[in-house]
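Peer 1: If you want the building blocks of each chain, they are given just below.
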Amino acid sequence: MARITLDGIAHSYDSDADPSSYALKPIDHVWTQGRSYALLGPSGCGKTTLLNIISGLVVPSQGRLLFDDKDVTFLPTEQRNIAQVFQFPVIYDTMTVAENLAFPLKNRGLGRAAIKTRVDEISDLLGLTGDLKRRARGLTADAKQKISLGRGLVRSDVAAVLFDEPLTVIDPSLKWELRSKLKAVHRALDVLMIYVTHDQVEALTFADEVVVMKDGRILQIATPTQLFEQPDHTFVGYFIGSPGMNLVDAKIDGAQAQVGEQTIALPARYRKPPPGSSVRLGFRPDYTTLVSNGDLRVRVRKVEDLGRRRLAHVSLGAHDIFATVPHGQSVPAETAGIAIKPERLFVYVNDERVTGEPL
Amino acid sequence: MIEKPINNRAWLLVLPVLIFVLFSALLPMMTVVNYSVQDSMGANNFFWNGDAWFRAVLDPTTDIGARFADALIRNLAFSFTALLIEVPLGIAVALCLPRRGWAVGPCLVIIALPMLIPWNVVGTMWQIFARADIGLFGAALTGLGLHYNDTQDPVSAWFTILLIDVWHWTPLVILLSYAGLRAIPDAFYQAARIDAASRWSVFINIELPKLQRVLVLAILLRFMQSFMIYTEPFVVTGGGPGNATTFLSIDLVKIALGQVDLGSAAAMSLVYYLITITLCWIFFTAMTQLESQAEDIKTDLRALTRLPVGVVVNTHGHSDHCFGNHPFRPATIWGHERCVTMIESTGERQRQGTIAAIPASRILGGVSKSGSPWLSAMTLRPAAFRATT
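Just so you know, the protein sequences line up as chains A and B, in that order. Note that the working numbering has the first sequence beginning at 6, numbered continuously upward. Note that the working numbering has the second sequence beginning at 178, numbered continuously upward.
Bound-form chain A, shown alone (with noise of 0.2 Å):
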């Protein structure tokens, strides 16, 4: 298999829900093979059921599902090659190690030899070998989640692995080590990984491409330094980042913004917003630095030393917003001004990021 369609899918658990509710709003998207995918929201923003209409546990309302050009929409689970880690370990208490990894291959009727050919290769690979013959109900979580991945990567079909938050019930000093475990098992066996997850860190560390959903609707599919560079979506700007993006109210007008009582230079032209519509600023605090003079005047609340920067919070009119104060600078007292780098100011319209013509 080299891709998963998704062709206008969307889903309610509500039969007779309008479209504006969808738990799961119309997507077109193409995931390709050897690549992974970050599902990236907070809780309720569909990313789960996306990812259980991917491996056949909920059918879509609409839409259809392709795995290459073969349309899986209702096809049941076990009869696609996916495979699927969940929140927490699922294993199999009464079974060994051992038995647990060639539980799928025995349900589909492999014979004995192969069987043990491919629990020993992917226990290898996971680090399972020396606890083959142990009761899995007594490893610990690290362990019995590295035997539900086990579980899924043992068949040799399988050409998608789907992760749903698969770190949640790890301790904290173990995330790291079962996160590059799978980024190793990612590099070894060239499939599709589709993460699923609310915490940045893990999304933008673990995936290739990073897919931001909200209210069941996917705002924004890019890479990871993408979504940090050129936010497509206010949400996007907010949720990635820490602290998140600036937004702060404008009001447009060809090549300038005013902000409040100031004006500022923008770095292309734009037409101006359907009226009635919200219009904001963003600018990451990282690209905004607290200088003497500068684009707009603030007035400087408290400055936080975090170690390898120092964040200043600042009033910008009625929005308090974050500036990096640069290295060996000293902190202007009251009213300073904000630098923004021109490339990384952005307009948004009703949310939506708005390209202009270049000056």
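Please keep in mind that the hints were generated in silico from the structure rather than gathered at the bench. Backbone N, C-alpha and C fix where the C-beta goes; we use that ideal spot for every residue, glycine too. A hint or two may mislead.
Pair by pair, the computed Cβ-Cβ distance ranges are [said to hold, decoys possible]:
1. A:K346 - B:P275: 55 to 65 Å
2. B:M302 - A:P24: 49 to 59 Å
3. A:S247 - B:R526: 48 to 58 Å
4. B:A280 - A:G49: 26 to 36 Å
5. A:P24 - B:V298: 54 to 64 Å
6. B:S378 - A:G49: 32 to 42 Å
7. B:F461 - A:S48: 40 to 50 Å
8. A:R40 - B:A280: 53 to 63 Å
9. A:V174 - B:E514: 43 to 53 Å
10. A:R40 - B:H495: 51 to 61 Å
11. B:T523 - A:K138: 35 to 45 Å
12. B:M206 - A:S48: 52 to 62 Å
Guided by the hints, dock chain B onto chain A, whose structure is given.
Peer 2: Just chain B now, kept in the frame of chain A:
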């Protein structure tokens, strides 16, 4: 460590219960103990009789001993048959119940209904229901050409009593199993689907292991209740035909109140009581041992070697180091001589402390947590030590 405040006045709060238990259980029981070691020639003249009543009850060649042995066999046969039917049936019905939706409530209420009916009412209902001439059930069976008469035919009588018990108490097993099944997270079923497990395999590998805790409870409750059976045979068959349904409790009433043979009856009821407690303890230990840490260690050990365990070494006498010695017997347990002294002097106190420290929810089918000492605490045997220095 912060010391917990200790205030012994809190014990006053349990005083009312203690007084109540004293009057409702302890005094009557002591009266029974009193009767069991004395004989009377009437007119409230009692004299010491030693263990003569007990020896008679336990000797099947005596009249009373034979009656006791027969009734005991009937009791055991009844309890085990009832368990054998009710437990699998209860699990099967629980599996068929809807897991969500509007039907859940009505289903559970309908299933629970028989349990709300008092024993004597159940007896009276079935007495009429089973009558071969006018009873719906009895007449229907007779109409079908079956030989059925619960007051004259022993097979019919047993069939009826068992049927009543199954009808009355399978709901308990159903409800407990249902609660246990509902507690299994969906992810287990989803994982099983991805692993292409068959329905049977899901039952054996997921549902049954997860039900273990509630089944221990169900089996214990059902065993104790069915072993005490009295009202149904008393009302429906009167212990007959002949002695076919004369269970221990019915025979006790006959001896004590019918023949006013208080000594025999008292001795018999005490033996009855001890048998019930012992069987419950055996059940409980056998079923929960499956879960103990010691058993886990043994399983892991078996994966490494088939050699027998010769010696178990206790580093010291704390519960987390010496509890669970028992499953390794007949291996010799080694420890410092002061370790032996410590276990002998504080073992029981440690056991009580451990049991008291376990939240009830854990025992009643909560999360199984490997590493909790409570189950192995039940298996503490401070015996069989060889001291070494």
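Peer 1: Taking 43 to 53 Å as the stated bounds, is the beta-carbon spacing between V174 of chain A and E514 of chain B within them?
Peer 2: 44 Å, holds
Peer 1: Does the Cβ pair M206 of chain B, S48 of chain A satisfy 52 to 62 Å?
Peer 2: Taking Cβ atoms as reference, M206 of chain B and S48 of chain A lie about 57 Å apart, which means the hint holds.
Peer 1: Given a hinted range of 48 to 58 Å, is it respected by the beta-carbon distance of S247 of chain A and R526 of chain B?
Peer 2: 53 Å, holds
Peer 1: I want to verify a distance hint. Is the separation of the beta carbons of R40 of chain A and H495 of chain B within 51 to 61 Å?
Peer 2: 54 Å, holds
Peer 1: Between T523 of chain B and K138 of chain A, does the C-beta distance stay in 35 to 45 Å?
Peer 2: 37 Å, holds
Peer 1: Between M302 of chain B and P24 of chain A, is the Cβ distance one that fits in 49 to 59 Å?
Peer 2: Roughly 56 Å apart at Cβ, these two residues keep to the hinted range, so it holds.
Peer 1: Quick check: does the Cβ-Cβ distance between K346 of chain A and P275 of chain B fall within 55 to 65 Å?
Peer 2: 60 Å, holds
Peer 1: Within 32 to 42 Å or not, the Cβ separation of S378 of chain B and G49 of chain A?
Peer 2: Holds, at about 34 Å.
Peer 1: Range hint 26 to 36 Å: satisfied by the CB atoms of A280 of chain B and G49 of chain A?
Peer 2: 27 Å, holds
Peer 1: For the hint 53 to 63 Å, verify it against the beta carbon of R40 of chain A and that of A280 of chain B.
Peer 2: Violated, since R40 of chain A and A280 of chain B (Cβ atoms, about 45 Å apart) do not stay within the stated range.
Peer 1: Tell me if the beta carbons of P24 of chain A and V298 of chain B are separated by a distance inside 54 to 64 Å.
Peer 2: 57 Å, holds
Peer 1: Should the hint that F461 of chain B and S48 of chain A are 40 to 50 Å apart at their CB atoms be regarded as holding?
Peer 2: Holds, at about 42 Å.
Hint 8 from the list above is the single one not met by this structure.
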